[in-house]
Structures are given as structure tokens and as C-alpha cells.
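Asker: Residue numbers (our numbering), protein chains in the order written: chain C, 14 to 456; chain F, 3 to 439.
Check each hint, because a few of them may be wrong.
Stated by the list, open to error - Calculated lysine-lysine pairs in the DSSO-like style (CA-CA distance at most 27 Å, straight line): (1) C:Lys23 - F:Lys334; (2) F:Lys334 - F:Lys324; (3) C:Lys398 - C:Lys244; (4) F:Lys91 - F:Lys334; (5) F:Lys96 - F:Lys247; (6) F:Lys132 - F:Lys165; (7) C:Lys101 - F:Lys96; (8) F:Lys91 - F:Lys397; (9) C:Lys26 - F:Lys96.
Simulated from the structure, these hints should not be mistaken for laboratory data.
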Amino acid sequence: MQLQHADKLKYIKVSMIIINLIAVLFVPGFIYITTRSIYDHFMARDFLQNVEAIPNDPFQLMFLAAGLFIALMISYFVREHHTDNSIKIIYATIVADFVISIAIIWILNFNYNGVLFLVFANLITYAKGNKGKYLLMFLAIASFLIADFDLIGLNYPLYSIHDYIAYYDANTQKYILALYNLMISLNMVAFIIYCIYVIQEQRGTIDEVSMLYEKLTQANEELQDANVQLKEYAVITEKIGETRERNRLAREIHDTLGHTLTGISAGVDACLATIDKTPNQTKHQLELIAEVTRSGILDVRRSVNKLRPDALERLSLESAILELIREMNSVSGIKIHFASKVETLKFDEDEENAIYRVIQESVTNAIRHGKASNVWISIERESPKLLLTIQDDGIGCKVMKKGFGTRHITERIEMLNGTVQFDGSDGFAVHVQIPIRWGEEYD
Amino acid sequence: MIRTKKNLFMILICMLLLGIVVIYSYNASRSETLEIGVFVGSNWNVANANSYTIMDKAIEHFESQNPDIKVHYYSGIPKEDYSEWLTGKMMIGKMPDVFMVLEDDFNKLASMGELKDLSTLMSRDTGFSKSAYYQTVLDTGTYYGKQYALPYEAVPNLMFVNKTLLQKEGITVPDNDWTWDDLYSICTKVTKDTNHDGILDQYGLYNYHWTEAVYANGASLFDKDGRQSFFTDERVEEAIKFVMKIEGVNKGNKVTQEDFDNGNVAFMPLPFSEYRTYKTYPYRIKKYTNFQWDCITLPSGSEGNNTSEINTLLIGISANTKKEAAAWAFLKTLTFDQDIQMDVFRYSQGASVLKSVTQSKEAEEILQQDMEESEKVIDMILLNRVLEEGIIVPKFQNYTEAMAVAENDINQMIEGEKSIESSLKILQRSMKRYLAQ
Numbered sequence: 014m015q016l017q018h019a020d021k022l023k024y025i026k027v028s029m030i031i032i033n034l035i036a037v038l039f040v041p042g043f044i045y046i047t048t049r050s051i052y053d054h055f056m057a058r059d060f061l062q063n064v065e066a067i068p069n070d071p072f073q074l075m076f077l078a079a080g081l082f083i084a085l086m087i088s089y090f091v092r093e094h095h096t097d098n099s100i101k102i103i104y105a106t107i108v109a110d111f112v113i114s115i116a117i118i119w120i121l122n123f124n125y126n127g128v129l130f131l132v133f134a135n136l137i138t139y140a141k142g143n144k145g146k147y148l149l150m151f152l153a154i155a156s157f158l159i160a161d162f163d164l165i166g167l168n169y170p171l172y173s174i175h176d177y178i179a180y181y182d183a184n185t186q187k188y189i190l191a192l193y194n195l196m197i198s199l200n201m202v203a204f205i206i207y208c209i210y211v212i213q214e215q216r217g218t219i220d221e222v223s224m225l226y227e228k229l230t231q232a233n234e235e236l237q238d239a240n241v242q243l244k245e246y247a248v249i250t251e252k253i254g255e256t257r258e259r260n261r262l263a264r265e266i267h268d269t270l271g272h273t274l275t276g277i278s279a280g281v282d283a284c285l286a287t288i289d290k291t292p293n294q295t296k297h298q299l300e301l302i303a304e305v306t307r308s309g310i311l312d313v314r315r316s317v318n319k320l321r322p323d324a325l326e327r328l329s330l331e332s333a334i335l336e337l338i339r340e341m342n343s344v345s346g347i348k349i350h351f352a353s354k355v356e357t358l359k360f361d362e363d364e365e366n367a368i369y370r371v372i373q374e375s376v377t378n379a380i381r382h383g384k385a386s387n388v389w390i391s392i393e394r395e396s397p398k399l400l401l402t403i404q405d406d407g408i409g410c411k412v413m414k415k416g417f418g419t420r421h422i423t424e425r426i427e428m429l430n431g432t433v434q435f436d437g438s439d440g441f442a443v444h445v446q447i448p449i450r451w452g453e454e455y456d
Numbered sequence: 003m004i005r006t007k008k009n010l011f012m013i014l015i016c017m018l019l020l021g022i023v024v025i026y027s028y029n030a031s032r033s034e035t036l037e038i039g040v041f042v043g044s045n046w047n048v049a050n051a052n053s054y055t056i057m058d059k060a061i062e063h064f065e066s067q068n069p070d071i072k073v074h075y076y077s078g079i080p081k082e083d084y085s086e087w088l089t090g091k092m093m094i095g096k097m098p099d100v101f102m103v104l105e106d107d108f109n110k111l112a113s114m115g116e117l118k119d120l121s122t123l124m125s126r127d128t129g130f131s132k133s134a135y136y137q138t139v140l141d142t143g144t145y146y147g148k149q150y151a152l153p154y155e156a157v158p159n160l161m162f163v164n165k166t167l168l169q170k171e172g173i174t175v176p177d178n179d180w181t182w183d184d185l186y187s188i189c190t191k192v193t194k195d196t197n198h199d200g201i202l203d204q205y206g207l208y209n210y211h212w213t214e215a216v217y218a219n220g221a222s223l224f225d226k227d228g229r230q231s232f233f234t235d236e237r238v239e240e241a242i243k244f245v246m247k248i249e250g251v252n253k254g255n256k257v258t259q260e261d262f263d264n265g266n267v268a269f270m271p272l273p274f275s276e277y278r279t280y281k282t283y284p285y286r287i288k289k290y291t292n293f294q295w296d297c298i299t300l301p302s303g304s305e306g307n308n309t310s311e312i313n314t315l316l317i318g319i320s321a322n323t324k325k326e327a328a329a330w331a332f333l334k335t336l337t338f339d340q341d342i343q344m345d346v347f348r349y350s351q352g353a354s355v356l357k358s359v360t361q362s363k364e365a366e367e368i369l370q371q372d373m374e375e376s377e378k379v380i381d382m383i384l385l386n387r388v389l390e391e392g393i394i395v396p397k398f399q400n401y402t403e404a405m406a407v408a409e410n411d412i413n414q415m416i417e418g419e420k421s422i423e424s425s426l427k428i429l430q431r432s433m434k435r436y437l438a439q
């Protein structure tokens, strides 16, 4: 379809060239033939009586016109067949076309200016959407308007083909005039058809673009849907993880605490039955129960340990924090500076958990929302409180918004009767105060 | 592969075109023949046996000074065909480089841009001076203030005087400052019926044209470029009234050429060329043989001088000549060279356009040479004066048509068929419309 269209355009352009070739050769050719006739019939003096100007040499004029038209053709071929699609060549040839057309119009003394339509046609086809196009278009239109025989003829003596047509008898004049006007009209008609095709083609391109745009919009919507689905999926995944954790917890409780409590319950029942008859055996039984209970406590502790966060499960708080920093540094390329003024970072589990979680959450926030490159973590003791500060050099945030994990941090700290302050004015800072139960370790 | 072939083909075509252009321009510049456009015979419609003598001498002179340039002209073009020949050449683009320009053709050729503007050539050439020419004569070659041709030969109008007739009537030949009143009084004196047959057979004036009265009264009919006419000028009206008055002396009789040739008319305006032709051998035996005659100025009107019309033969250069320098040199040889201009007196019937030549003793001697011993040569002071004071009739593009209209109207006025004052106003109006077209 596209190729067919281009072919049609080419045919119209070629026919325009042929019409122009005929017209450009007709003017000097006709003048030459008429001049010969005038000369041979000794009518020169009479002919000149009513003529303002004549071409210098009609014979030479024919060759000059033909030569210039060949130059126009060369420019056309260079444009149509140049190998690299350079805009420079297109512009150079269009400017050449323009100059040659003006030269043709000039030597033909404005008797035929239709050759400018060729320049118009090429301008419309080739020069697309930039300043040069409009400048050339303006020049071409301006010159078409100015290059009018009647306008120029007001001030300069020009030879007119009509003077030469008037040499013949009235009947012949009619036919020649008709032929001459037919050529001018044909050229114009061809140009209009050409314009219509170009407009059609450009409209085709616009349709194509809008179709592609529609496709893109659709793809975008699909992508958004997928994104929403993915988010939902993530929520579901989280839920599943939570459920699995609950099940694990339930199983753990059932396996350890349940088991132990069942044993204790059964043992105590047995003791109740034997306590009056055989106190010694009961005593022994109670000792066993105490053992089971202690073992149960151990099991519970182990279970609770198992439920503690990843690193904390295995390591001390300090090591866990350092491990976290190392991981973050290696994963994100952020620089995390850690300074602790507390000698041994050993607190109750819930406190350690809170501290660890706050640090983890804050650093994550600094990376994800603050786009920070440095994070400073400091832990200080201000008896009886522990001061924890996480400061980053990211973009901060002028207005505090809920979310971003700050809610979790607040909840955790409030559970320990601590306070949290967020400051987003210079980077982002989290100031945490926790009343530590110093030395109230229970082990 | 196909593309390279195509490109090669294009390059070949370009080179071919370039070659044609180069060869063409080389050939054009190589031909060193200067084409000249001249006609055979006299510009002044008098017989001339020495048509090409001056041209041949000028060419010889020019070729000896410019040995690398040949000058060529087509011989045998009669004057009446010359305009057609020249315009024909012009149409087919074969205009000669240097050519004679008839007065009637000058404005047409200049307006069509066929004549080279000589201004730069004249000012650039230090050996050339415009002031050597008679100013009015030089002005015939101007169009809208620019010099497009140089005068080659000038012919002023003079007044033929039948000395024998005046002597018979006891009247002295008028001097060169004579007036309309003098003319009128002589005419009334000499107009009579000599053989007493009841019919007038001796007249005062023949062939006096109303335009001659207009020019002698200091008026002109058109401006130089034919954009304005001045028919309502009082001096024009006065001149026409004078012509009416002097025609009235003949009492309705028509004076004929025969009357004049038979010596029965005292005055007739005559171009200097005819004076020269029929005053000298061999043509003097053809006309005006049975009486003595001479020439004086035309009589002056009350508002003017003894001014008469000067006709000139101009020479121009083609605007498209490729041999500008040679063309200019040859044009200068013809119009500015003292020897060649002296030949105008020697071999032609006009007067030289150069003041120094016309005023020279040599010119006077040349004029005297072929005259009969008894004849007094034309006064060189007179010739110089008519050339200096003469007026140029503007031959603009539609001059002939415009004059035909005026001629018809004014002749009717002179014949008393129309009132002069109102008719002139009507004529002026219609002329204004005609010129505006």
C-alpha cells in the first residue's frame, strides 16, 4: 500500500516535470519559430511597433532554457537517488531547484512561472517540519507572487509571448492561446493532485501514529494492572508468610509447652492421687514434674529464641547491627557509620528487638525514600535512658507523612514506654529514647 | 553497481553541458570581426554616388589602428529597407555591433534596450569629449537623459532664396536675422500676375510648413520623451496664425513644385543636404538651373529666433555586443575623428557634428570646390549658427502617429475650416490622451 502510494506520487511528479519541460521549451520555441517567420516575411519593423521588448537571441534562448531544465533534472536525480539520506543534500538540491527555477523564469521574462510549482511540490514532499522548510516555502510563494509578468512588466520592458501569438491570424491565435493556457492549467492541476496525494499520505502517517499510540496506552494500562496484581500478590504472600509463622508458633507451643504442660498436668494428677498414700513417691513424682517444668522452660526459651529476628537469633545485638550494616553496605552501596558509647550492648530481648528493628527500618527508609548516601547511627546512654539516633543525608521530607515504616517504629518504641521524634528538615533523623531496664536481666 | 553507473552517467552529462558552454563562449570571444550596420545611399533622400566611401575610409583607418580586428558590413541595403533589415537582425539576435540608427527608430530601439548606454564609455575615455559636438545634435542621441547613440551627420533646415527673382523685383536678399514680418512684406511684394493673364504666376513662399513656424517662434510641440504636448502654447497659436496669414497672400492659389522649379517662387525651406546636392556638380545640372539661388536662415517669429529643425543620422552600439571596446573605438572613429568627420563634407551631403570641423577653413574650401566660380559658398558662420541654435524634433515612439493627427487638424485650421483657439484646445486634450496610452 505504502509503495503504491509512493509510486503514484512519483508518476504525478514525473508528469509535472514533463508538462513543465514542454511549457519551458514551448515559450522560446514558439518565439523562435515566430521570429523566423517575421524575419522571413520582412515584418520586423511592424511587429516591433507594438512590442516592448524582445529576447536577445531566440535561438540561444531555446538552448539556455533547455540547459537550465537539464540542470533542474540533475538536481532532481541527485535528490531522488542519493544513497545516504542526508538532509543537507535534500536542502541543497531544493535550494538549487529554486535558483534554477528563478533563472528559467528570468530568461523567459516571466512568461511562464509554473516551474515554481515543481519547487513547491518538492518542498512539500521533502522538507519536513523545520525552519528551513518555512523559509523556503515563504521564498517560493513570495517569488511566485512577484514573478508575475504583469507586475514586473510595469517597471521593466519584458518580451511577451502574447505579442508573438498576436502575430498570427485570429483563428490561429485562438488555438495557440488555448494550448498555452492548457499547459499552464495542466501544470496547476497536476500540482493540486500531487498536493492531495501528499496530504493523504501524511494523514496515513498520522493514523499510523495514533494507532501506535493507542497500542502503547493499552500496554501501559496492562502494565499498571499487572503492577496492582503484583502488589496484591505481595500482600497475599506476606499474609501467607504470617500464617505460616503463626502455624509454626502454634506447632512450637503445641510441641513444647503443650507437651510439657500435659506432662505436668498428668504428673500433678498422679501426685494428687498418691500424695496421701505414698508421700515419698509423690515427692519423687513432684521432683520429676519440677524437672519437666524446667525442661519446659528451656524449651519455651529455645522456642522464643527461634522466633527472634534473623541475626539477633544467632548473634549479640552489636554483632547483629554490624552484620546488618555490612549487608546494607555491600547490597546498596550506602555508607553507614556506627558509633556506640555504650560498653556492652546487652539488653532485654524486647529492647534489643526494638533497637534492631528501628535501625533496620530507618536505614531501609534512608535508602528507599531518602536516596541517602550516608547514614550515621549512634547509641548513647543517658541514664536511665538509651538514646538512639539514625541520621541520613538524603532528601529528607518537609512534611511528615504517615507510613514509610515510621508507624512500626513508633509502635515498637511506645510498647517500651519510649519516645520517638522524626526530623525531615536536614536529611532525615530518627531520635529514639528508650527507658532501659538496666541490670534487670533475667536469665 | 547500478547506482555508480547512473552517477557516472550524470557526471558525463554535466561535463558535456559544461563543454558546450565553454566552446560556445570561446567561439563567441574568438571571432574578431566587428559587424557594422549601414545603408546605401543618403540619409537625406538625395542622390549620393559616394555611399560607402566614408565607411570604407573609416574602416581602413580603424583597421590600420586595430590590426587584429576586421570590420565587416553588408552592402546594398537601401535606406528604405534599412529599418526592416536592422529590426529583423535584432529579432533573430544577430544585431550588428555598431550600426546607423534612423531618427524614427531611435526611441524604439532605446526603449527596447537594444542600444548600449554610452555614458560610462564616454566618461571612461579620456580622449573623448562631449563638448566637441553641437549640443542639440548630440541630444538627438539621448533617451530619458542617457546617451544611447552619437550623431554622425547633421542636416539643418535652411531657407532657399531665389536671388534672380528678388533682384528682378529690386529686393535685397534678407540677412540672417530676418523676421516673419520681413518674409511677409517680401511675399506681398513678389506675389503678382506677371503675364497679366488674370492668374497669379509669381509667389513668395512655397512648402513652408506650420511646424517650421512653430520652431521659429521658440515653441515646441512635444517634450523629448513624448509624454507631454504643448499645442495650447500661445506661440504655437501665433505660428499657425502666421502661416494662415502668409498663405492668404496667395489668395487661394496652390503653389506647386513646378512653379518653384521654374523660378517663380522667392522662398522655400530646404534641407542643407539638398542645398549641397543641387549646388554642386554633378547634380546641380538637374535642378534649379535657370536662376541663381542661395540659402539663408529661416525667418524668426516674434517670440523666437531664426531657429530651424536639425535632422541627424545617429550611430549606436548594440547593447549585446561582445566587442564593446572595439565597437566604441569604431563609433569614435566615425563620429569623433576629425578626418572622418571632414569626409562628411567631402563625400556626404550633411554637415559634420563636430564644431571644430564645421567651423574649419578646410570645410569651407571643400564646399567651395565643386561650386561654380560665380556662386558664393554657404556662409560657414550661418551653418555654424543654425547647427548651434537648431532644434531637435523629438522622435518618440508614436511620434509619426501623433503628428499625423496634429497635421490633419492643423491643416484644417490653416484652411480656415476650424477656429484656431478652440481647435488647439481640443487637439491638446486628445493628444494628451493619446500620449498617456
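Asker: Quickly compare the C-alpha distance for Lys96 of chain F and Lys247 of chain F to 27 Å and report which way the hint goes.
Answerer: Since the Cα atoms of Lys96 of chain F and Lys247 of chain F sit roughly 52 Å apart, the hinted pair is violated (cutoff 27 Å).
Asker: Would you check the hint for Lys398 of chain C and Lys244 of chain C, treating anything up to 27 Å between C-alpha atoms as holding?
Answerer: Outside the cut-off at roughly 40 Å; violated.
Asker: Verify the proposed pairing of Lys91 of chain F with Lys334 of chain F, using a straight-line Cα cut of 27 Å.
Answerer: 23 Å, holds
Asker: Taking 27 Å as the top limit, are the C-alpha atoms of Lys334 of chain F and Lys324 of chain F close enough?
Answerer: 17 Å, holds
Asker: What's the verdict on Lys132 of chain F and Lys165 of chain F, does the C-alpha distance respect the 27 Å limit or exceed it?
Answerer: Measuring from Cα to Cα gives roughly 39 Å; hence the hint is violated.
Asker: Is it true that the CA of Lys23 of chain C sits at most 27 Å from the CA of Lys334 of chain F?
Answerer: 60 Å, violated
Asker: Are the Cα atoms of Lys91 of chain F and Lys397 of chain F separated by 27 Å or less?
Answerer: 22 Å, holds
Asker: Quick one, are Lys101 of chain C and Lys96 of chain F close enough, alpha carbons at most 27 Å?
Answerer: 44 Å, violated
Asker: Would the hint linking Lys26 of chain C and Lys96 of chain F be met if the CA-CA limit is 27 Å?
Answerer: 39 Å, violated
In summary, the structure is inconsistent with hints 1, 3, 5, 6, 7, 9 from the numbered list given earlier, while agreeing with the others.
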